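Enquirer: Each chain, letter by letter, is given below.
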Amino acid sequence: MRPSLRPTALALLVSAAVTGSLCLWAVAAAPASVRTPVSWGAGASALLLCVAVALTVHARITARTLRALRTADAERFTAEISRLVSTSAAEAQRFTADTARIKAAAATETSRVTAEAAEHVARVTAEADAEQARLTAENARLTERARRSETERSAAVAACANAAGRMQALATGMLADLREMEHRHTAEDVLGDLLHLDHRTAQAGRLADSIAVLTGARSGRRWAKPIVMESILRGAMGRIGGYQRIRLHSTSDVAIAGHAAEGVMHALAELLDNAANFSPPTAEVHVYVEEVPAGIVITVEDSGLVMSDVQLRRAERAVAARDQDLTGLSGTRLGLAVVGRLARKHGLTVSFRPSARGGTGALMMLPHELISRGALLPAVPAPAAAERPEPEPVHASARSRDAGPGQGDPAPDTREEGTARPGSAPDSASETTGSVPRFGESGLPKRRRGRTLAAAEARNGNAAPGGADSPRPRTTDPKVQAARFSTFSQAVRANTPHPEGNTR
Amino acid sequence: MTSAPRPRPGRDDAPDRLYTLTGGRSRSGSDAFDLVTLVVAECDPAPGMQSEHAAILRMCERPTAVVEISATLNLPVGIVRIMLCDLLDTGRISARHPRTARVADRLPDTDTLEQVLVGLRNL
Numbered sequence: 001m002r003p004s005l006r007p008t009a010l011a012l013l014v015s016a017a018v019t020g021s022l023c024l025w026a027v028a029a030a031p032a033s034v035r036t037p038v039s040w041g042a043g044a045s046a047l048l049l050c051v052a053v054a055l056t057v058h059a060r061i062t063a064r065t066l067r068a069l070r071t072a073d074a075e076r077f078t079a080e081i082s083r084l085v086s087t088s089a090a091e092a093q094r095f096t097a098d099t100a101r102i103k104a105a106a107a108t109e110t111s112r113v114t115a116e117a118a119e120h121v122a123r124v125t126a127e128a129d130a131e132q133a134r135l136t137a138e139n140a141r142l143t144e145r146a147r148r149s150e151t152e153r154s155a156a157v158a159a160c161a162n163a164a165g166r167m168q169a170l171a172t173g174m175l176a177d178l179r180e181m182e183h184r185h186t187a188e189d190v191l192g193d194l195l196h197l198d199h200r201t202a203q204a205g206r207l208a209d210s211i212a213v214l215t216g217a218r219s220g221r222r223w224a225k226p227i228v229m230e231s232i233l234r235g236a237m238g239r240i241g242g243y244q245r246i247r248l249h250s251t252s253d254v255a256i257a258g259h260a261a262e263g264v265m266h267a268l269a270e271l272l273d274n275a276a277n278f279s280p281p282t283a284e285v286h287v288y289v290e291e292v293p294a295g296i297v298i299t300v301e302d303s304g305l306v307m308s309d310v311q312l313r314r315a316e317r318a319v320a321a322r323d324q325d326l327t328g329l330s331g332t333r334l335g336l337a338v339v340g341r342l343a344r345k346h347g348l349t350v351s352f353r354p355s356a357r358g359g360t361g362a363l364m365m366l367p368h369e370l371i372s373r374g375a376l377l378p379a380v381p382a383p384a385a386a387e388r389p390e391p392e393p394v395h396a397s398a399r400s401r402d403a404g405p406g407q408g409d410p411a412p413d414t415r416e417e418g419t420a421r422p423g424s425a426p427d428s429a430s431e432t433t434g435s436v437p438r439f440g441e442s443g444l445p446k447r448r449r450g451r452t453l454a455a456a457e458a459r460n461g462n463a464a465p466g467g468a469d470s471p472r473p474r475t476t477d478p479k480v481q482a483a484r485f486s487t488f489s490q491a492v493r494a495n496t497p498h499p500e501g502n503t504r
Numbered sequence: 001m002t003s004a005p006r007p008r009p010g011r012d013d014a015p016d017r018l019y020t021l022t023g024g025r026s027r028s029g030s031d032a033f034d035l036v037t038l039v040v041a042e043c044d045p046a047p048g049m050q051s052e053h054a055a056i057l058r059m060c061e062r063p064t065a066v067v068e069i070s071a072t073l074n075l076p077v078g079i080v081r082i083m084l085c086d087l088l089d090t091g092r093i094s095a096r097h098p099r100t101a102r103v104a105d106r107l108p109d110t111d112t113l114e115q116v117l118v119g120l121r122n123l
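Just so you know, the sequences run in chain order A and B.
Under the working numbering, the first residue of the first sequence is numbered 1, with each subsequent residue one higher.
Under the working numbering, the first residue of the second sequence is numbered 1, with each subsequent residue one higher.
Treat the hints with caution; some may be incorrect.
[Claimed, not checked] Which residues of chain A face chain B? A partial, calculated answer using Cβ under 7 Å: (1) His183; (2) Leu195; (3) Ala204; (4) Arg234; (5) Gly242; (6) Gln244; (7) Thr251; (8) Asp253; (9) Glu291; (10) Val292.
Everything labelled a hint here was simulated from the structure, so no lab data went into it.
On a predicted model such as this, the values are computed, not experimentally measured, just so you know.
Every residue gets a Cβ at the ideal spot worked out from N, C-alpha and C, and that includes glycine.
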């Protein structure tokens, strides 16, 4: 990098030689006296001159070298700059070109995508339209199907209700026939067979009743008179398979109004059937009747499986009479649904609880509206009917005379005791009919319900036509006779509104 | 006889079936009762009894024939007989057979019959 030292050394050598020779000459030429100072001065100046020349030469060479270097560098930089400028210009041009190209490509792409999107939108819209049309058609089809199945359902329900009604009528008629035969045939074998058939028919009748209740048909029978509790319990019991396991504990003498008696019996039969079916085949089912301020509670207690809380709640929901549609039917278990329907119809309250006997207890509460008190009926061979004295003509007239319109059976029956007594055998009649106070277990006189009122009415009734002891005076007034006859016929008709087997 | 108080054939007025009265039995298994056996109650009806039993006890305060009970209760004789057997087993009634001797006593003697025969021939 540095310029070589050769020119400097050369200049130094030349100047050294020149000055040396000059110095030698000067020393030789000079007088001896001044020779020594001259030699020293000449030598120093020669040395200084040599150094100065060498330095000068070196400086000139260095300056020239540096100038050349600078010039070369400047040229190099210029070339470099121009190269860079041209490169960047080319680059810029390329960039511009690229930009334009990309822009063009983007524009193409955009238009393509736009076109594609438009096409897609059109396709999707078309598809949606098609789908909507299809769905509309489907909807119409389903609506049609739903309507048809609704029609089919109601037709099927109506057919079931109709068939159930006819089965009820058949069963009722058959039961009446069987009772007739049971009275006619005295042989024990025949009676046993008839009772067997009777039992089967009663169960079939209950099934028909259940279907009728579920399909909303009218309930099977209307009893024209109140039915005493004992008959209600036995009627319910007779409709289930395991009736021999039922034990009745009832001292209640209330009666259930005729219009509700069938429903109560049916509901009770279903509860009894449940209890009998869900307890061991030898276990007894106990039925208790209890009079409470709110009405009457019939308790059915079995000693079978204990229902869990969930099952109890499910059972209560089944009888809670909320959902009355048929969707909750399980197909095999109709009983509780039937009970629920009947409970709603007659205002019964049914609840379940664990039983003290280890099984389940079902409680059915009958409200006051269904209970007619003090109705001592000739329904089952009740005492009043059973002990009627044999001579009867007074009875017939008493019934026709006293039975007013709107009065059912019970009133005439209790009343005729009062009117019939004086005529025939006062002693036995007063003892057996019990119109004179009878003595209970406690030794105190016992009075029957409704007896006082009936006696009072009987007295009033007797006071008008004449003394109680006088025989009945024959009225000759045709109007009075006609009125009596009409009340008589009304009373009779009130008992027999359904000549054909009591259905509906 | 049994159908006297029945309102009409082909219609039953009681909802309880006959087999429920006897617990399903159809034969009494004893021949203590025939149609004319006289029945006498030995005790008063107690509360809680089956109403038919109570009715029988009230009715039989004086001797009553089986067939009469059957007619009054409007029940077949077979059923009544079973219930009477139950009552007899529990000692609530006693049964007496009508004495044939007294029936024979009531028959007119042969003299009277001969006189009637003679009178008839003379007609």
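Enquirer: Now tell me if each hint is right for this structure.
Expert: Verification of the hints:
no.: 1; hint: His183; result: 5 Å, holds
no.: 2; hint: Leu195; result: 4 Å, holds
no.: 3; hint: Ala204; result: 13 Å, violated
no.: 4; hint: Arg234; result: 4 Å, holds
no.: 5; hint: Gly242; result: 10 Å, violated
no.: 6; hint: Gln244; result: 5 Å, holds
no.: 7; hint: Thr251; result: 5 Å, holds
no.: 8; hint: Asp253; result: 9 Å, violated
no.: 9; hint: Glu291; result: 14 Å, violated
no.: 10; hint: Val292; result: 19 Å, violated
Hint compliance for this structure: hints 3, 5, 8, 9 and 10 are not met, and every other hint is.
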